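Chemist: So you can see what is in the structure, the chains are spelled out below.
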Amino acid sequence: MKQVQGKGSPLADIRFSHAASGSIAAAHGCWVISGLAAADAALRQWRPEGPVVIDLGALERLDTAGAWILHRTLKDLRAQDLKADFANAQPDHAALLARVAINDRPGPIEPPQSNSALNVLAEIGAGMSGAFMEARALLGFLGLTMATLGRAIANPSRLRWTPLIYHLEAVGFNAVPIVALISFLIGVVLAYQGATQLRQFGAEIFTVELVAISVLREIGILLTAIIVAGRSGSAFTAQIGSMKLNEEIDAMRTLALDPMEMLVLPRVLALIIALPMLGFIADIMGLFGGAIMCWIVLDITPGLYLQRLNEWVPLAHFWVGIIKAPFFALMIGLIGCFEGLQVEGGAESVGRLTTKSVVEAIFMVIVVDAIFSIYFAVIEF
Amino acid sequence: MSTPPKPEAIISIRGLRTGFGNTIIHDGLDLDVYRGEVLGIVGGSGTGKSVLLRTIIGLNHPRAGTIRVFDQDLATLDFASRRAIERRWGVLFQSGALFSSLTVAQNIEVPMREHLALPENLMHEIAAMKIAMVGLPPDAGAKYPSELSGGMRKRAGLARALALDPEIVFLDEPTAGLDPIGASAFDALIQELRQALGLTVFMVTHDLDSLHAICDRIAVMAEKHVIVTGDMGTMLKYDHPWVQDYFHGPRGRAARQANV
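For the protein sequence lines, the chains are A and B, in the order given.
Reminder that position 190 of the first sequence reads as 190 in my numbering, one-by-one numbering, no gaps.
Reminder that position 251 of the second sequence reads as 251 in my numbering, one-by-one numbering, no gaps.
Chain A with its partners taken away, still in its complex shape:
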């Protein structure tokens, strides 16, 4: 045991003996919570015969936990139709035992849980229907956001410019360094991997196209969206969620302020404006990383790199990438705000929904990306 015993206090001790009248259990020492485990175990195993006396005369100290064990023992013995009583209790010990007896009202520790197979099925069902409900609610939220956006466009004075600019800075400008760095590194990695593989066919020069097309069409913007989902989607959920816990959302409603207009629209709009810009920066940095690596590994000079880009990589690839950005932004912003508004209860709920918001946002970004890929393949763009 790791606890420190109070100075000079002997551990709780129970001594059993027999007398003509029946069994006797004598409690010795300090029956305080720090040293009760042994006495508790001994009394739980005790199976006396005949009338029982629990002698408290030698008890030095008693707290509620010690009193509880004595009380429970007495109660259990009486439940077995044995005659059981305390003896020689000091007045304050007797008072504490009486107090504990009043408060003997057992209750559950956790909400009921069962883990039968049926419950697993029920949970799967609940999860599925929950997912559908959530999808429907999210679609409703999209509609609500669009309606709010429509109102704001019809009447631009309703748009909250200050938060919009603030969020533009937070989600856009402040994300530039990390987005630039990561896409630069991805450009480097792509060029290096491409060069290594293509060299086997003597087709090193196609590394330029490999880097350019993959960065422009897919990777630049997808990576940006994933970074932004992790950076800003989570922040939206946590911010709005904490505001909800703090009853700020309710306060807004009572002041006739629309949380959609105040909180959701500036965030979603800021993302829709910022993500294409970030995507553009990611494209440039990815190409730049590729150029550096081509120069180092393949001796393709920046001049040659640019010339080849110009000749063999049509601008359409850039547009295919960048056109997806606002849709990704809409997904990230909607999910971030939506999950924030679902927060209720406590801090634990904020954490759970923030995780959920990031996972869902990244998932939806990739789903939307897949839909675009199929669409562009069909129209041969």
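Treat the hints as calculated values from the structure; they're not laboratory data.
Among the hints, a few may not be true.
Said to hold, decoys possible - Here are the simulated lysine-lysine pairs, DSS-like style, with alpha carbons at most 30 Å apart: (1) 244(A) to 356(A); (2) 356(A) to 143(B); (3) 237(B) to 224(B); (4) 75(A) to 143(B); (5) 244(A) to 143(B).
Unchecked claim - Incomplete in silico selection of chain B near chain A, CB under 7 Å: (6) 100; (7) 105; (8) 116; (9) 118; (10) 122; (11) 124; (12) 128; (13) 132; (14) 133; (15) 139; (16) 142; (17) 164; (18) 196.
As the structure is a computational prediction, the values presented were derived from the model and not from experiment.
A virtual CB, placed ideally from N, CA and C, is assigned to each residue, including glycine.
Fit chain B to the supplied structure of chain A, relying on the hints for placement.
Modeler: Frame of chain A, contents of chain B only:
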């Protein structure tokens, strides 16, 4: 409430000085808390009542001065002895500060799990008993803090503070935010537990009814230290503008009449 001629000081603070940045909160603060008493700390907003409580329990570091609890200087103790001391007090924070991911009963079991090696079923039994002791219904044990009302959360917080049968309980505004009936019930509960368990209670409060109903002594904080301690009679006679306003103001009068 007569105090014996030489009461034992369970907490003894001398020359305490605390502050944040350039702001000095306490300067030259002296205070004794005697074993078995209920001490109410009052003072205007921002006089550092809660900071004092937090400093005693070690959440703030004093800049100067000594705090002795159970006759040991907290600043000089090693980790293990400090833990041993911490086990001998319980703290009720203003809004309960229950861990939101655990049920009420699990919250009460946290200190037992952390500090003691008790069998599982004994912990469950003790938790159920503490829940009953603070006047919560038995089914409250399985509920999460978010499912409880403010008053129930405070009771649950008190049950957690009492989990290890502490000798001192620190209460930070225990009746704030409770309705008058709930507040009186909470006062009665503290009084009852104090008598049953022999607790020493250190209570920061604004509630004049609590002061009248359960406090043996009152310490008034102003001007960065404790300006006066004593029973209600001393307070009523003490000549200081804030003390006069506080105890002789309309609320003070009403509380006094209610407790005559």
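Chemist: Hint by hint, say whether it matches the structure.
Modeler: Taking the hints in turn, this is what the structure says about them:
1. Taking the CA atoms of residue 244(A) and residue 356(A), the gap is near 17 Å; set against the 30 Å cutoff, the hint holds.
2. Distance restraint check for residue 356(A) and residue 143(B): the Cα-Cα separation of roughly 24 Å lies within the 30 Å cut-off, and the hinted pair is therefore satisfied.
3. For the proposed pair residue 237(B) and residue 224(B), the alpha carbon gap of about 21 Å is at most 30 Å, so the pair holds.
4. The suggested pairing of residue 75(A) with residue 143(B) holds, with an alpha-carbon distance near 27 Å, which does not exceed 30 Å.
5. In summary, the hint linking residue 244(A) to residue 143(B) is supported, as the alpha carbons are separated by about 22 Å, within the 30 Å threshold.
6. Below 7 Å, beta-carbon pairs count as interface contacts, and residue 100(B) has one with chain A at about 3 Å; its hint therefore holds.
7. Taking 7 Å as the C-beta cut-off, the interface hint given for residue 105(B) holds, the closest approach to chain A being about 4 Å.
8. About 5 Å separates the beta-carbon of residue 116(B) from the nearest beta-carbon of chain A, less than 7 Å, and the hint is met.
9. Hint status for residue 118(B) relative to chain A: holds, with the closest Cβ pair at about 6 Å, below 7 Å.
10. Interface hint at residue 122(B): satisfied, since its Cβ lies 5 Å from the closest Cβ of chain A, which is below the 7 Å cut-off.
11. Taking 7 Å as the C-beta cut-off, the interface hint given for residue 124(B) holds, the closest approach to chain A being about 5 Å.
12. At about 5 Å, the closest approach between the beta carbon of residue 128(B) and any beta carbon in chain A falls short of 7 Å, and the interface hint on this residue holds.
13. Look at residue 132(B): its Cβ gets to within about 4 Å of chain A, closer than 7 Å, so that hint holds up.
14. A hinted interface residue such as residue 133(B) counts as satisfied when its beta carbon comes closer than 7 Å to some beta carbon of chain A; here the least separation is about 5 Å, so the hint holds.
15. About 6 Å separates the beta-carbon of residue 139(B) from the nearest beta-carbon of chain A, less than 7 Å, and the hint is met.
16. Below 7 Å, beta-carbon pairs count as interface contacts, and residue 142(B) has one with chain A at about 4 Å; its hint therefore holds.
17. Taking 7 Å as the C-beta contact cut-off toward chain A, the hint placing residue 164(B) at the interface holds, the least distance being around 6 Å.
18. Because the beta carbon of residue 196(B) sits about 5 Å from the nearest beta carbon in chain A, less than 7 Å, this interface hint is met.
Consistency with the previously given hints is maintained throughout, with no hint failing.
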